[in-house]
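Q: Listed in order, the protein sequences are those of chains R and L. Residues in the first sequence are numbered from 1 upward in steps of one, following the working numbering. Residues in the second sequence are numbered from 1 upward in steps of one, following the working numbering.
Honestly, the hints are just simulated from the structure, not real lab data. What you are looking at is a predicted structure, and each value in this text was computed from that prediction instead of being measured. C-beta: ideal position from N, C-alpha, C; glycine also. Do not rely on the hints blindly, as some may be mistaken.
Lysine to aspartate or glutamate pairs mimicking EDC-like chemistry, simulated, CA-CA at most 20 Å apart [said to hold, decoys possible]: (1) L/Lys133 <-> R/Glu193; (2) L/Lys211 <-> L/Asp23; (3) L/Lys112 <-> R/Asp15; (4) R/Lys4 <-> R/Asp15; (5) R/Lys4 <-> L/Asp110; (6) R/Lys166 <-> L/Glu89; (7) L/Lys211 <-> L/Asp20; (8) L/Lys183 <-> L/Glu120; (9) L/Lys133 <-> L/Asp166; (10) L/Lys152 <-> L/Glu117; (11) L/Lys211 <-> L/Glu25; (12) L/Lys224 <-> L/Asp258; (13) L/Lys133 <-> R/Asp15; (14) L/Lys133 <-> L/Glu95; (15) L/Lys290 <-> L/Glu277.
Cβ-to-Cβ under 8 Å is the rule here; a few derived chain R residues that face chain L [said to hold, decoys possible]: (16) Asp9; (17) Ala12; (18) Leu18; (19) Arg20; (20) His87; (21) Met89; (22) Trp198; (23) Gly225; (24) Lys230.
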Amino acid sequence: MSLKWTISDIFAMSDRNLIRYLRLPQLIVFSSIQPVMFLLLFAYVFGGAIKIPGVDYIDYLIPGIIVQTVIFGSMQTGVGLADDLMHGMIDRFRSLPMSRSAVLAGRTLADGIRNIFVIILMVIVGYLIGFQFQNGLGNAVGALLLALILGFAFSWIAATIGLMVKNTETAQVAGFIWVFPLIFASSLFVPVETMPNWLQAFAHVSPITVSVNAVRAMSLGGEIGEPLLKSLAWIAAILVVFIPLAVSRYRRSV
Amino acid sequence: MPAIEVKNLTKYYKTVKAIDGMDLEVPAGIIFGLLGPNGAGKTTLVRILTTLLKPTAGEAKVLGLDVAADAQALRSMIGLAGQYAAVDEHLTGRENLELVGKLYHLPNNDAKQRAVELLEQFDLMDAADRPAKTYSGGMRRRLDLAASLVAKPKVLFLDEPTTGLDPKSRIDLWKMIRQLVSKGTTVLLTTQHLEEADQLANQIAIINHGKIIDQGTPNELKSKFGTDILELDIVNPDQRQAAATAIAGLGISEPQVDPINGYIRLPIRGSTAILTEVIRRLDLAGIEVKDILQRRPTLDDVFLKLTGKHEPEVDNL
Ligand SMILES: Nc1ncnc2c1ncn2[C@@H]1O[C@H](COP(=O)(O)OP(=O)(O)OP(=O)(O)O)[C@@H](O)[C@H]1O
Ligand SMILES: [Mg+2]
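Let the sequences and hints guide you as you build the complete structure.
A: Take a look at the structure:
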């Protein structure tokens, strides 16, 4: 399979997956309602009780919510692939002389592109309730890009899960069951230092914590280098493990 | 070179043996019907032949290419319409076909043009630019079949292609399949319906428990396994039992009176000389005959003999 055809297949597949969002833009809006609810819940209900020295809670919260949104969004990759399996689309694609990895790459790419819109939406909502980037345009863009590639990496985990469970409802549940604790046991909503020791140990090294810290530092100021490197290391590790895993699952999917 | 060659093929799903040492040869340019009940292994065989599943043991070749070793080369020469219509609901009919064209690596313009040709051929032009989720079951089936033809495959695999179609759509589809074969395509289709195999296939293999249990033309199978049946209707319903008694012993087993329509059926072997004798005896007994006919066995008779089961799904085919 030449590189030219692989790329052409990936674009054909991501086009196919994006068409449904273009045709039903409300899908993006609806899938953003949940993160917006979280945002409002934490900003107005719990936020008052959470005091973080030296920073407004809204400013602290928005970078976290952006990460949460892309992670939730990337779980849709698994649901979409399970749906393709259930409807025989994967059979059709596997019977074609197309690139073996394009079905997965086209899907994760499309979900990444969808995440761009969701992130923009969250930033707009954030600005409406008082959030501001405080560390320059370059760093702000960097923050959003990091969130985006983190989502892309998590899409490959979701792809592996979706191909394993082969059923949309199960993929939905199996996607959230491990993502939820990961999201909450991190610096996403509250500083890790407020947690019990045993949980801190986990939260400190979690890919969510280091990524949120990097996104937050790029948005608001503070030490960027260390969390950014750790986050990129996590992203690389996830991609290195889960791309081959997902592709081998795809080859063997029945 | 045969279009399909299967030698001692075996496929296990974990512990389930779905294909059990199968041998099969399908000549090029014909419609080959694979007939078998639920769970016989039809879909499994089709999935192996279309490179979706790897055989556990044995060998399968399509167009001389090994399904495992030469999978990639093979994929550009075959078409598959699976047991369940695989169309993207959110894409229009046209987009579905163009996507498949692109993935076969046709140049963009060719993919577009081919999509239009197929939409016309399958009578979908009016619905071409509607999302496929608005299509009826029959339209989806047609779109699915059209998608399997995008690259003008040399061998086409159809897994239960007419399931869920109404009688008219079914007959239309049969017509299209015959047309394809007249242009040189080889078609392997699976079906649970004897009549479909009978109507459509030049050759039939009967499959059960992952094995081919018999093979031949529809007529060969019928004359090999079925017995001819003499069916008679008499004028006076009260004389039915008497008529049966009068002709007893002439056939290869005892005559029976159909409890529903009152026909008397006598299984016979071969010669029509029996016919004369039957009429003579009835005449002697003073029984007036309304109608008499000798019919060939149906594939249902064959299937019953071979598998000990009736046609699995009796519907109004
Ligand atoms: N993915 C699978 N895992 C385990 N067993 C399977 C799987 N797919 C099929 N089987 C089993 O293999 C056997 C053959 O199944 P197959 O689907 O090939 O039959 P079929 O002839 O197509 O039946 P049908 O007419 O119902 O479509 C059955 O016993 C079935 O239960
Ligand atoms: Mg089947």
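Q: Against this structure, judge whether each hint is valid.
A: Okay, the hints, checked on the actual structure:
no., hint, verdict
1, L/Lys133 <-> R/Glu193, "violated, 51 Å"
2, L/Lys211 <-> L/Asp23, "holds, 8 Å"
3, L/Lys112 <-> R/Asp15, "holds, 16 Å"
4, R/Lys4 <-> R/Asp15, "holds, 17 Å"
5, R/Lys4 <-> L/Asp110, "holds, 18 Å"
6, R/Lys166 <-> L/Glu89, "holds, 18 Å"
7, L/Lys211 <-> L/Asp20, "holds, 6 Å"
8, L/Lys183 <-> L/Glu120, "holds, 18 Å"
9, L/Lys133 <-> L/Asp166, "holds, 19 Å"
10, L/Lys152 <-> L/Glu117, "holds, 12 Å"
11, L/Lys211 <-> L/Glu25, "holds, 13 Å"
12, L/Lys224 <-> L/Asp258, "violated, 25 Å"
13, L/Lys133 <-> R/Asp15, "holds, 18 Å"
14, L/Lys133 <-> L/Glu95, "holds, 13 Å"
15, L/Lys290 <-> L/Glu277, "holds, 16 Å"
16, Asp9, "holds, 6 Å"
17, Ala12, "holds, 4 Å"
18, Leu18, "violated, 10 Å"
19, Arg20, "holds, 4 Å"
20, His87, "holds, 6 Å"
21, Met89, "holds, 5 Å"
22, Trp198, "violated, 40 Å"
23, Gly225, "violated, 44 Å"
24, Lys230, "violated, 39 Å"
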